[in-house]
Amino acid sequence: MSKTRTIRTDYLARVEGEGGMLVRMRGDEVLDVRLKIYEPPRFFEAFLRGRQFTEAPDITARICGICPVAYQMSSCLAMESLAGVEVGGQLRALRRLLYCGEWIESHTLHIFMLHAPDFLGVPSAVELAKIDPALVETALRLKKIGNEVMRVVGGREVHPINVRVGGWYKAPSRADLERMVPDLEWAKDASREAVRVVAGLDFPELEQDYEFVALDADGEYPIDRGGRIISNRGLDFPISEFYDHIVEEHVEHSNALHARLRERGAYLVGPMARYALHRGLLSPDALAAADEVGLEPVVLNPFRSIIVRAVELVHACDEALRLIAEYEEPSSPSIDVVPQAGWGHGASEAPRGTLYHRYRLDEAGTILDAKIVPPTSQNQKMIEEDLFAFVSGHADLGEDELRLRCEQAIRNYDPCISCATHFLTLDVERE
Amino acid sequence: MSATNGKKPVAPRKPTLAVWKFSSCDGCQLSLLDCEDELLEVTGAVEIAFFLEATSAMAKGPYDLTLVEGSITTPHDAERIHEIRRQSKFLVTIGACATTGGIQALRNFAHVGDFVSAVYANPDYISTLRTSTAVADHVHVDFELQGCPINKYQLLEVVGAFLAGRRPNIPEYSVCVECKRAGVPCVMVAKGVHCLGPVTHAGCGALCPLYARGCFGCFGPKEQPNTEALAAHWRELGADDPELLRSFRGITGNAPAFRREATFHE
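Residue numbers (my numbering), protein chains in the order written: chain A, 48 to 478; chain B, 252 to 517.
Hints were generated in silico from the structure; no laboratory data involved. Please note that a few of the clues may not be correct.
Partner residues are not named here, just some residues of chain B that face chain A (Cβ under 7 Å, in silico) [stated by the list, open to error]:
#, residue
1, 274
2, 276
3, 278
4, 303
5, 324
6, 354
7, 355
8, 391
9, 400
10, 444
11, 458
C-beta: ideal position from N, C-alpha, C; glycine also.
Can you make the complete structure from the sequences, with help from the hints?
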């Protein structure tokens, strides 16, 4: 009988939050793969109960310092859909603009500071700066521009304060937005260059037969909202039927619930899914950037997600520029939202993938129940399947190399572990 | 020893920096990476010895400067913070979670009334404490930087002050002072908006009033806040007990001054 060996990383670096990884093998056969998530649960769903519906955007933003806008948007959309109102026109355009800022900031952080070091064999962007200072300076400037969009529209980069159910506290002026145009134009060029740079990296071999799941946003590349969830295998349902199609399981090695499709199991959300399902809706220049480097219309090698992320960076810059060019100051920064008793659903595309919120309110607008399904808990199972397939195909690699590649395979998903762990319900029982 | 002893002078060792995460959203440590213009300068002045979000290189302690994000919510973390303290010459807590227990400290109040036990889907899988507490409740803390999230320029000030061997210049007055300095008309006086600015620690730059909304206390209490007077004023503006309770029991609700005021409105 062959010897059993274990590949493990106790503390995953360059991801948001605390997780580890364990792969058990016998000879070249993989026995077990675990993405271990030990980040402590924070029980958001429990303490949202009893709060006012208007508090949800500020409270849920605190789930994640990297993608607070995603939480603010999904929660606002849920409350508004329940009240039967739609935030449209320029108020909605500002939301999409804020969200573009978050995509630019988050994608840049991941591409250059968290993921690129894997490909270039350095431990961090700080070390990368020693061998390619121009690349890191470009990344920092790009990130800063994304943050600036969030600051101008949302008030600050981390946990913006200007978002409210119904719109905004204060709408920015045209001049405020126009001041960002030269920077965003630079950012767009830098993003196109980023596509070229990352397309030139060496990609480990792996191809998976994914079920790609993303929002459908009525003819737009999905970012700030979407009414339906679709997949490349025929899923197509309104977000209100989320739990009819997706189940969440509590497994021992993770403090985050594992989501899977009822019918088929693991699925993938995030840039690769959006790109596979909505490629034709990218801005012409984003599409041209993808074509220029020969990016396949459906990317099946998860290591190549870094290129897709860079293509989305071009798209986010284009969208931001378009939204600013078409911006007219709204007559009022928000619309009235009168709470109703019932269930509300909201979903948007966080940088890492679909983020679904569901709330139950009473007629006074008090939250009775909350469910939040972040992208990383949806991807957990797929990450494990990628690891299984990768290790099975590369069992000949040396221990260290294999461990590094496994970590890289996890980072393909830009996992946000802080997000993923905050959703266990703290049920309280009366004695 | 001076350089006159004939030996070649040795370049001074750069101080080491370690960044640790406990229960949190990662936003405060991200603030360090958000210092885009200063990041490379900072990494030139300090050696990043441990910063899991940014680097896979992990150097052993002791560390000259330690930044701690997040609150203590598990038995394991309650042990880990002591080890980190032992390894750290100067320990700074950053953000509302580390300095007050953060929003997840709302669980601390769940025992009020007749809620007595917590039950999970699979309780055996989870190890968690009943409370979320500030780092200073567990170990000695050399400096606390408040905010949800922290202000990145204040973080730079704290790191810079440490390097220069002086006290950080972080004012402890209220948001009102920043508001007046920014020339923003008082939202409470002018529009009757319920605002926690008078009792909230400065640092955000009076952000919410600048955006025409009331402060909701994410920087925690200022030094010696008069919460009772503010609550009385809110009542005149039409606030009831449930609103006062929710407002004081929010993102920094476990900070003693806010925790105390909230109990008056239960």
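Outcome of the hint check:
1. Interface restraint check for residue 274 of chain B: the shortest CB-CB distance to chain A comes to about 5 Å, inside 7 Å, so the restraint holds.
2. The beta carbon of residue 276 of chain B comes within 4 Å of a beta carbon in chain A, closer than 7 Å, and the hint placing it at the interface holds.
3. Interface restraint check: residue 278 of chain B against chain A, minimum CB-CB distance 2 Å, threshold 7 Å, status holds.
4. Taking 7 Å as the C-beta cut-off, the interface hint given for residue 303 of chain B holds, the closest approach to chain A being about 5 Å.
5. Proximity of residue 324 of chain B to chain A holds as hinted, the smallest CB-CB distance being about 5 Å (cut-off 7 Å).
6. Here the hint on residue 354 of chain B is kept, as its CB sits about 5 Å from the closest CB of chain A, short of 7 Å.
7. The beta carbon of residue 355 of chain B comes within 4 Å of a beta carbon in chain A, closer than 7 Å, and the hint placing it at the interface holds.
8. With a least beta-carbon distance of about 23 Å to chain A, the hint placing residue 391 of chain B at the interface is violated under the 7 Å criterion.
9. For residue 400 of chain B, the suggested interface contact is upheld, since its CB lies about 4 Å from the closest CB of chain A, less than 7 Å.
10. Checking residue 444 of chain B against chain A: minimum C-beta separation of about 10 Å lies over 7 Å; hint violated.
11. The interface hint given for residue 458 of chain B is met, as the beta carbon of that residue sits about 5 Å from the closest beta carbon of chain A, less than 7 Å.
Checked against the numbered hints listed earlier, the structure breaks hints 8, 10; every other hint is satisfied.
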